[in-house]
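Engineer: Same order as they appear, the protein sequences are chains L and F. Those letters in the first sequence? Residues 1 to 424, by my numbering. Those letters in the second sequence? Residues 1 to 235, by my numbering.
Chain F regions said to be covered by chain L (calculated; three or more residues, Cβ under 8 Å):
(1) 61-70
(2) 83-95
(3) 117-127
Derived list of chain L stretches under chain F, where covered just means 3 residues or more per stretch with a C-beta under 8 Å from a C-beta of chain F:
(4) 11-18
(5) 337-347
Straight-line Cα separation of at most 20 Å, SDA-like style, residue types lysine to any residue; simulated pairs:
(6) LYS341/L x SER80/F
(7) LYS343/L x ASP82/F
(8) LYS341/L x GLU88/F
(9) LYS341/L x GLU122/F
(10) LYS341/L x ASP82/F
(11) LYS343/L x ARG120/F
(12) LYS132/F x VAL115/F
(13) LYS277/L x THR90/L
Because the hints were derived from the structure by calculation, they are not lab data. We treat Cβ as the ideally placed atom computed from N, Cα and C, and that holds for glycine.
Residues per chain are reported as follows:
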Amino acid sequence: MIIRSPFLRTVRLGISSLLLHKLRAFLTTLGVLFGVASVIAMLAVGEGASESAQDQIRQLGSQNVILRSVKPPEDQQSNQEVRVLSYGLTDGDRRRIENTYPGVRSVIPVMQVPEEVRRGTRVCRPRVLCTRSGYRDATGRVLYEGRFLTELDESLEEPACVLSYEVARHLFPFASPVGESIRIGAEYLTVVGVVLPRGPIGAVAIDSTTEVGGDIFLPLAAGRRMFGTTQVKMRSGSRDITEVELHEIIVDVRNAADVPMVADACRAMLARDHSEKDWEVIVPLELLLRAEETKRIFNIVLGSIAGISLLVGGIGIMNVMLATVTERTREIGIRRALGAKRKDIVIQFLVETTVLSGCGGVAGVVVGLIIPAIVEATADMPTIVTPQAPALAFGISVGIGVIFGLYPAWRAANMDPVEALRHE
Amino acid sequence: MTHEVQTEIAAELLDVRRVYHMGSSQVAALDGISHRFMRGEYWSIMGSSGSGKSTLLNILGCIDRPTEGEYMVGGNPVSSLDDNQLSELRGARLGFVFQSYNLIPQLDVLENILVPVMYRDEWPTWALDRAKELAERVGLGGRTGHRPPELSGGQQQRVAIARALINDPDLILADEATGNLDSKTAEEILEVFDELHAEGKTILLVTHENAVGQRAGRTLKLKDGRIEDVVENHS
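Could you build the full structure based on these sequences and the hints that come with them?
Structural biologist: The following block contains the structure:
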């Protein structure tokens with residue numbers, strides 16, 4: 001079959017020349033295939049890992065500064081029968097922050113109560129959080145039904161509570177919980193609303209201290225009245241009494257740019273007011289930046305490994321093309337004698353390398369899309385294939401084919417026709 | 001071979017020298033050759049090995065350049081042409097027939113005949129028809145889809161001749177074109193050359209066999225890079 005388009009003719013010739021050595025062409029293609037596949041797979045795994053890390057951080061609220069109570073390290077002579085351990089953040093801390101920093105939208109106190117939650121025979125141990133109405137705004141929780149806590153609940157010390165979706169489903173599998181009552185510890189509370197869990201429904205991380213996970217929110221004032229701030233834990237032969245006023249203070253900063261400043265101020269204040277290091281300051285924005293930095297390093301590492309494998313593929317191409325050029329020296333001589341210009345010879349060999357690397361690239365993209373799917377299915381790791389990744393990998397593979405094909409092609413084109421014709 | 005029409009100069013050598021550098025010493029493969037090949041002539045170039053006939057053919061075929069002197073082909077001084085122009089000249093004006101056929105194994109007969117056309121800037125409309133015609137003419141009309149390894153030596157050489165003719169060259173250069181063939185097949189090939197000559201083609205045939213050399217109208221005898229003799233053959 002005679003093809004008139006010079007380019008298509010060259011492509012066809014390139015393919016038929018490659019098919020003279022099927023195994024060799026296949027092995028060369030394989031080199032590129034693995035290079036491309038590893039680029040795509042590594043980028044997908046890296047992207048997935050960093051995305052889930054960033055997701056978790058983002059849920060904390062990037063405009064927030066979170067202060068947490070931390071149990072200080074126990075001292076040596078604490079083997080008394082009854083001891084009261086008092087530590088952590090206080091209402092005083094909260095008020096000071098509220099009154100001191102101008103850039104702060106709200107300061108939300110959170111106290112956690114270690115009580116079981118029951119409804120009839122159904123029991124679960126979610127995080128029971130005593131807080132204020134501003135909590136929902138600061139953390140971006142989405143209302144599913146009913147309402148969230150209000151200022152009025154707080155001032156009336158109303159025994160109202162809001163369930164998170166997973167708790168609601170556990171305690172009320174078949175009906176809406178709004179208006180129903182539940183028991184927390186020894187107290188009865190009325191459910192006024194349900195909020196969606198963090199992240200998508202069904203993909204809720206189970207907290208190790210609870211069966212179901214999820215949260216219950218009630219007004220701080222009511223929580224204080226019902227459960228107090230002291231918590232008694234029975235141990236064999238002793239009782240642990242801990243007193244924590246607030247487990248967490250969420251500082252909702254109006255402007256994300258002020259976050260580092262507020263965080264530093266909080267650290268300084270807590271360091272001054274607390275004799276022990278019984279607190280920590282978590283800045284999701286800082287974590288996010290750090291996660292992005294980690295992702296960048298991760299990508300560089302994975303990218304270089306993948307890049308090296310592509311390079312190896314490229315060297316494979318170059319090696320094969322050099323062998324091909326040597327093998328076909330005579331053909332080059334014939335073509336030159338019959339009127340082929342140097343340019344024609346260069347194009348002929350470049351087309352061959354491009355066909356090789358292009359085929360490797362296409363196969364590599366296919367394999368590279370399969371690998372993340374397998375990883376996701378077997379290793380339970382999220383992977384994300386960005387649309388740019390296959391395009392990038394394919395582009396690089398063809399680019400490598402051309403770059404590594406240039407030298408053999410150049411060598412072919414610059415052969416002395418007389419010598420080339422004499423070559424056996 | 002007596003009715004030659006000597007109208008135009010097909011190729012002309014003007015005091016051509018070709019010197020090879022072998023380490024520090026210099027070897028003159030061609031040492032001052034001047035000669036005219038007129039259009040329509042059939043020449044054989046003869047000489048023992050080392051006489052410079054291969055070097056001369058390379059220069060005549062524009063795949064090598066003279067170290068000194070000038071070679072004119074179709075009115076073009078070769079020394080003034082760059083590599084691309086030389087390639088174009090080879091493709092358009094010259095036709096090669098080699099001792100070992102030199103077909104491209106991955107192409108079929110028709111494609112092999114069309115190789116010189118492929119390197120033209122444009123694909124001429126007549127190319128395919130002419131290629132088929134030439135295949136027919138050299139007796140391979142029924143085997144245009146075969147690849148060289150499937151053909152006998154004589155058939156391959158016929159393809160090579162058809163390939164040399166595709167661009168209707170000014171000069172057909174044959175390098176020991178019958179050297180790899182048995183005497184019967186060689187005779188057939190030589191008959192093709194005779195026909196081409198009768199049609200007015202200019203043919204230069206390099207050979208070391210007297211019997212072959214004498215088929216040409218004239219013989220240029222080389223020795224040690226110089227023209228030893230010019231012989232008129234009368235068959």
